[in-house]
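For the protein sequence lines, the chains are Y and A, in the order given. Just so we're aligned: the first sequence equals residues 2 to 286 in my numbering. Just so we're aligned: the second sequence equals residues 1083 to 1620 in my numbering.
Any given hint could turn out to be false.
[Said to hold, decoys possible] Below, a sample of chain Y positions facing chain A; criterion: calculated Cβ distance under 10 Å: (1) ASN49; (2) THR51; (3) GLY72; (4) ILE136; (5) GLY140; (6) PHE142; (7) LEU175; (8) THR178; (9) PRO231; (10) PRO232; (11) LEU248.
[To be verified] Where chain Y lies over chain A, by a calculated footprint (3+ residues, C-beta under 8 Å): (12) 1318-1325; (13) 1477-1489; (14) 1492-1498.
These aren't lab readings, by the way, just hints derived from the structure by calculation. Note that the Cβ used here is the ideal one computed from N, Cα and C, for glycine as well.
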Amino acid sequence: MSAVAAVAATVDGPRTKRRWKPIVGGGLLGILALFMLVGPLISGYDPNATDLTARFSGPSAEHWLGTDDLGRDLFTRMAVGGRMTILIALGAVALASAIAVPLGLLTGYLGGWVDLAVMRVVDLFFAIPTLLVAIGIVGIFGPSFTTTMLALGLAFWPFYARLVRSAVVGVRDLAYTDAARVIGAGRWRIIRKEIVPALLPLLIVQTTVLLGFAVLDEAGLGFLGLGVQPPDASWGSLLAQSRGFVLSHPWIGVIAGVPILLVVLGINIMADVLRDRLDPQGAST
Amino acid sequence: MSKRQFRVLAAGLVTAVVLAGCGGGSTSDPAAGDGGGSQPTGPLRMLGVEPTQGFDPSTAFADASRVPMAMMYETLTERDAEGEIVGALAESWEISDDGTVYTFTLRDGIAFSDGSPITAADVVFSFERMKTGEALQAQLATLTSVEAVDDSTVRFTLSGPMSTFPALVGRPANAAILSEAAVSADPDYFTMPTITSGPWSLTEYTPKSQMTFTANEHYFKPPGIETVQVSFNNDPTANAAALESGSADLAGVAYSDAERLKTEGTLQVVQSDQLAPLFWGWDRTKAPFDNKDVRQAVAWAVDREGKQEACWFGTGGVTYGNILRPWDPAYEEINTYQAGSREDALAEAASLLDAAGWVEPDGGGTRVAEGVDGVEDGTPLAFEVPYEGNWPAAECHVQILQQNLQEAGIEVTPRKYDPAAYWGDVSAGAFTMYHGGAGAADSMDLYANWFATGGSLTALTTHLDDPEINAKVTEAQQVDEATSIQIIKELEEWQADELPMLVVGYQWPQVGMTQRVQNYKPGVDADSYTLVEATLSE
């Protein structure tokens, strides 16, 4: 490589690398969203309707992704199951954010006994694996769509709260917040007008990252039989269902697993893109 | 990657998961370090479920406990591989002319696993204990006395004749002969019973992990396999992979795997001929199933061939009224609920539901109550149907039920249930409708234990408490064989019409074995009779 080419690569490299990310990440998520939204409409099948004459039929013109042990159309069930998984993930992240962001803001800004008390509760949650917390909650209230969402939300908030608190601690004593204080701004105004805007990039990126974890954990709970219950489908429950046929009809497991991989990959790439855009100083190359 | 390579890889991965799950803290694992089956001999490695009801034969009635108990406790009689009653600890027995006195003679030289002799006093002790225990209390109600005539002779006196008494004293595990000295000496004896009368002794039990049995050298018929190690695994879908990888020798396998394994031919796959009806149980004390019309409507609406094909991969069979199978002496074909077409069956169901007051709302959908006793008008005909969470075929079956009943305007919500709590909650009457399957040795065993008040499985199946049925069952046990068969036929017809439970077919459990296991055939009940005869190849 010539010196000129090397210099050109150095200059263009990061920009080129950055350019593919929104295309790949956005493309993946866009295609999957389209699949989930219109898939059942174009397939024309009821996701729970059994057809015992068409059990385990492989991918074909009639059933694009084949059928399961009860002859249900896998394309339709994957699309509808994807909706369930994404809704659970969105609900869980929303719940976690609703708890963690206010708590993180309060504890970080106020400090003192409030900080001490809340962070000790957070420490308690840190001592237990996230999925175990979720399993415990599902175990108490029974598996369902709503319980799974609640369980994941309640399992995620401590991590998020700790992150927000740390970020607030880093911002609360900066010159511009001191200036606001000096000119007589109250606590709530400082939090709303000075601190929250400074944290927005972090919150957006963290929420996106959390969404990926929520998808994976929903799949985990579903695989353990603790998520959406049959005959309704989620990606996790479809993966669990495929396990019984992993040796005789392996394509079902592949079909159930690939969308999880793609959506988490897409979310992570988009989280990276958002971080690049919203926090240029810490941008990856 | 070829299909074969994929399967080997997948089998390895699943096995790793199973073994990780089964691995416990035990340091006395006899299979440890055997390299996943590289040793030509050694323990028989079985996969089974944990004995969640413990090892007390007078209280444990679930097969999870009965199967290991039958390995360590022997009974006076037992069923051979063909289901015939033969002597076990008893060499022979005599019946008085009036059929009320049974005199059993014990085998010479029989002993417990510690070498102490098994005497008539131990038999008396065991049956007196059984009479107050939950498992056989009801069936031993007619036993008025049990006495030791001498060291090897026991006399049972009944209040009336009972032709099934020799079978009753051979009920695997529950009719166990215990060591009076061992049980009396240790209040915690049943936590880890070591002095026992069966073919093997329990030598190690690690909860949540495994148990190990060692052959009882004093047993009258030495087992062909010295050591049996049972690893606990609640996931039958992983069993085939464990067998294929060589990390287990014997396990029940899922029906989907059984078909594949039979085709591939690398493992032995045999099926049990046990009478094991599949049924829907229900709460007949309240709406909607207090009305026979509703029960019969469901009987019309369920698709029996479909579920057998989809969930049991075509094994077993279906029934449209009978419980017994065609080769049972008391079988007489009943096809009450067989329709010419699906449309005809649904029409029958609709007519019965209309008559019961569950009517189709304008625009269709789930039926609603209209004039149903104790039910507010407009209440939808909807309920949950729980099933055992570790039984894949049950999950499949409930989903098919949901589709079937939806077509009849009944809304079913499947509910995966904790297996450890399932049968306890069934017994407590917690469910409106539920999925079930259980085994019986023969027709008399079935009607005595499923239909008579206090039968060992009545609370789990029919929930019957009907003096007329009790009298019929008792009579069937007291009369000659031909009359008994006639009474059972009448009971078959009665249940097909009344539907105290809805039997829709049978399952024939599939057992997979590596080629190391020789001479093994699943028995007709929970006993270890056929396992005693099994051997391991060099």
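Verify the interface restraint on GLY72/Y: the C-beta must sit less than 10 Å from at least one C-beta of chain A.
8 Å, holds
Hint validity - THR178/Y Cβ closer than 10 Å to any chain A Cβ:
Violated, because the Cβ-Cβ distance from THR178/Y to chain A comes to roughly 51 Å (cut-off 10 Å).
Holds or violated: PRO232/Y as interface residue toward chain A, Cβ cutoff 10 Å?
5 Å, holds
Is the shortest C-beta separation between GLY140/Y and chain A less than 10 Å?
For GLY140/Y, the interface hint holds, since the closest Cβ of chain A sits about 9 Å away, which is under 10 Å.
With a cut-off of 10 Å on the beta carbons, see whether THR51/Y makes it to chain A.
Result: holds, 5 Å to nearest chain A Cβ.
How does the coverage statement for the segment 1492-1498 of chain A fare against chain Y, requiring three or more residues with Cβ below 8 Å from a Cβ of that chain?
holds (count 3)
Per the CB criterion, is PRO231/Y less than 10 Å away from chain A?
6 Å, holds
Would you say the segment 1477-1489 of chain A counts as covered by chain Y, given the rule of at least 3 residues with C-beta under 8 Å?
The restraint on the segment 1477-1489 of chain A holds, since 7 of its residues have a Cβ under 8 Å from chain Y and three suffice.
Holds or violated: LEU175/Y as interface residue toward chain A, Cβ cutoff 10 Å?
50 Å, violated
Using the nearest Cβ pair, does ASN49/Y come within less than 10 Å of chain A?
7 Å, holds
Return the status of the interface hint for PHE142/Y: holds when the least beta-carbon distance to chain A is below 10 Å, violated otherwise.
Given a least distance of 13 Å, the restraint on PHE142/Y is violated.
Could you check if LEU248/Y really has its C-beta closer than 10 Å to a C-beta on chain A?
Where the cut-off is 10 Å and the nearest Cβ of chain A is about 5 Å from LEU248/Y, the hint holds.
Consistency with the previously given hints fails for numbers 4, 6, 7, 8, ordered from lowest to highest.
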